[in-house]
Every structure is written in structure tokens, then in C-alpha cells.
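Participant: Using the hints provided, position chain B relative to the given structure of chain A.
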Amino acid sequence: MKVGIVTFPGSNCEGDAFYAVVDQLGEQAVMLWHKDHDLEGSDVIILPGGFAYGDYLRAGAIARFSPIMKEVAAHAAKGGIVLGICNGFQIACEAGLLPGALLRNDVGYRSMPVTIRVEHTNTAFTASSKVGQCLTMPIAHGEGRFAASDDVLDQLESDGQVLFRYVNAKGEPTVDANPNGAMRNIAGVCNASRNVIGLMPHPERAVDLLLGSEDGLVLFESLLVAAHA
Amino acid sequence: MTRFRVSVHIIPRRGLLDPQGKAVTDALHTLGFAAVGEVHVGRHLVIETGAKDAAAAESSVRTMCERLLANPVTEDFEIAGVVKE
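Keeping their order, the protein sequence lines are chains A and B.
One point on numbering: in the working numbering, the residue at position 118 of the first sequence is 118, and numbering is uninterrupted.
One point on numbering: in the working numbering, the residue at position 6 of the second sequence is 235, and numbering is uninterrupted.
Chain A extracted, bound-state conformation:
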């Protein structure tokens, strides 16, 4: 499996994504610059966390116009896997690759471990996990409050596109477990064709016990299953 990791000016989690894929998974990764026009044969594209273009205007609003995003959109349109993490999730939403939007948190910037619950396993990023499995990993964002109209939220629920929800230690999506005010405790979603996945928490920062958690590994291992399917 070859993973292309896009770096925008202001990205800061591309190294963590590289570490997860190459050091922990033992797969190939290539760093792609936002001005590139070629995905270099990548099977999976990761839009990593950070503050692309300083989050000017709105998080992800400018990055979506980077030259490489045309290629990323074409890759997604062909069914290729695209994974947006944190700022990458914001960029994917702004680019229209994922539904909804990510608004300013209800309580300002949060940097802390959270627990998320896997809601559906029929995507390339959740295939190796179990429905209801609770994963602990960090968040670090100021604009992660997932929002969409009630109609869109209902449709996401009925189509099984809500992949991750913030939950408490008992696995319940309570108000207290919600770190940013996200509607319906939504931490991550996928598109209708299930090949574009976005989430606010950082699974790539939870792939080594040295970092406090390796719960993110099961998600990256899912990519392997999908790539070899």
C-alpha cells in the first residue's frame, strides 16, 4: 500500500501520519506538496492536521483551492480512499468531499485525550475495528464542532455515514463526553460512497504506547485490508 500525505503550508501532523504508516504499519508513504499535480500512484491520500494557510478566512477554506486538491477530488471521484484528519477533515468539508462543516468549539481550543466509539465498520478506515469499539486518542483543535442541517444529519444517520461519536468511559455519547459541542456528538463521518473519511481526533498520534495510546492502529490497519481487497 502506498499512502500519499499532502503537506500544505501550515500543516503540522504530516510527520505523525508518516510515522503511523511507515514506522508502525510498515507500508510505503510519499510526501506530496500542495502545489504538486500528481499523487504519485498513491492508493490512499491523507490530508493531515495542522493550520493550512493559517486557517485564514475559515479552517480549510483556502487549502481546498491548492493545486493538488483537484487530483485529490479526482482520486475520490474514482473511489480512491481519502482520509482527512483534523485540519484535513476541515479541508475535505470545505472542498465538498464530505458533508457538513466544522465550527468554532463551544468552549474554545481543546487539547486532550477523548474516547470515540466506532459506529460502522463498512469503510476502509474502520473495517478492522468493531461496531461499538471505544478508542482513546487525542484531539487538538479550536474548530471541530461538527454541524449540518437537521435534514443532512438525519440522512447521515440513516445512511450509516456517522462513523465516530464522542463517548464517555461507558461508551455513551453524553454532553459531558462531547469536547467541542459537535452536533449529535459526531467526531467523524464518511461520504455517501464511503471512500472519503474525516475525523477530528488524531489516530496517527495514538499508534504507540509511548505516546499514551495505540488505539489508532486498528484504523490504520483497516486501510491495509482495504488496499489489499
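Keep in mind the hints are simulated off the structure, nothing from the lab.
Watch out, some of these pointers could steer you wrong.
Claimed, not checked - These stretches of chain A come out as covered by chain B in the derived footprint (C-beta under 8 Å, 3 or more residues): (1) 55–69; (2) 95–108.
Stated by the list, open to error - One-sided excerpt, in silico: chain B residues whose CB lies under 8 Å from chain A: (3) Leu245; (4) Leu246; (5) Gln249; (6) Gly250; (7) Leu297; (8) Asn300; (9) Val302; (10) Thr303.
Backbone N, C-alpha and C fix where the C-beta goes; we use that ideal spot for every residue, glycine too.
Facilitator: Here is chain B on its own, set in the frame of chain A:
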């Protein structure tokens, strides 16, 4: 082609939680401005652009808002003024 300065207000859509607006509302109430209802914090942009007339300048900025300046999912915009330079 005439030069215009077009001002646009971009505000969080009504009904969506606006934590900045809420914080400002609370602060104003603390100061004694009891009559204050809701406050919404958004962005104000001033765009200098060439156009054949004011209507064309406004129309062009509307398109900019739809395509980039405002998020169609969560924000509304209003043209606050079109001034000939």
C-alpha cells in the same frame, strides 16, 4: 471599468450556536446593558474590485461569497455597501 469598494458582512447562520457571540452577549449583560438580546460575531470584508457599474460589482461579490468567502452550510452574508472609489 470603474473601481468600487464593496463591503460584505458574513455572520453565523441564525440558530447555530455562536460561542463568540454568546461570550460577548454575557459580557455586555455583565456591564449592565440589560437590553442587549443576541450578539453575533462574524467577519467584515472590504473588497476593492473593478466593474462596469455598482450592480455588477455587487453581483460579482455575491458570487465570491457563494464560492469562497462564506460557508454555505453555516454562514449567511449580506452586502453592506457598494462605494465608487
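Participant: Each of the hints needs a verdict: does it hold here or not?
Facilitator: Status of each hint after checking the structure:
no.: 1; hint: 55–69; result: holds (count 4)
no.: 2; hint: 95–108; result: holds (count 8)
no.: 3; hint: Leu245; result: holds, 6 Å
no.: 4; hint: Leu246; result: holds, 6 Å
no.: 5; hint: Gln249; result: holds, 7 Å
no.: 6; hint: Gly250; result: violated, 10 Å
no.: 7; hint: Leu297; result: holds, 7 Å
no.: 8; hint: Asn300; result: holds, 5 Å
no.: 9; hint: Val302; result: holds, 4 Å
no.: 10; hint: Thr303; result: holds, 5 Å
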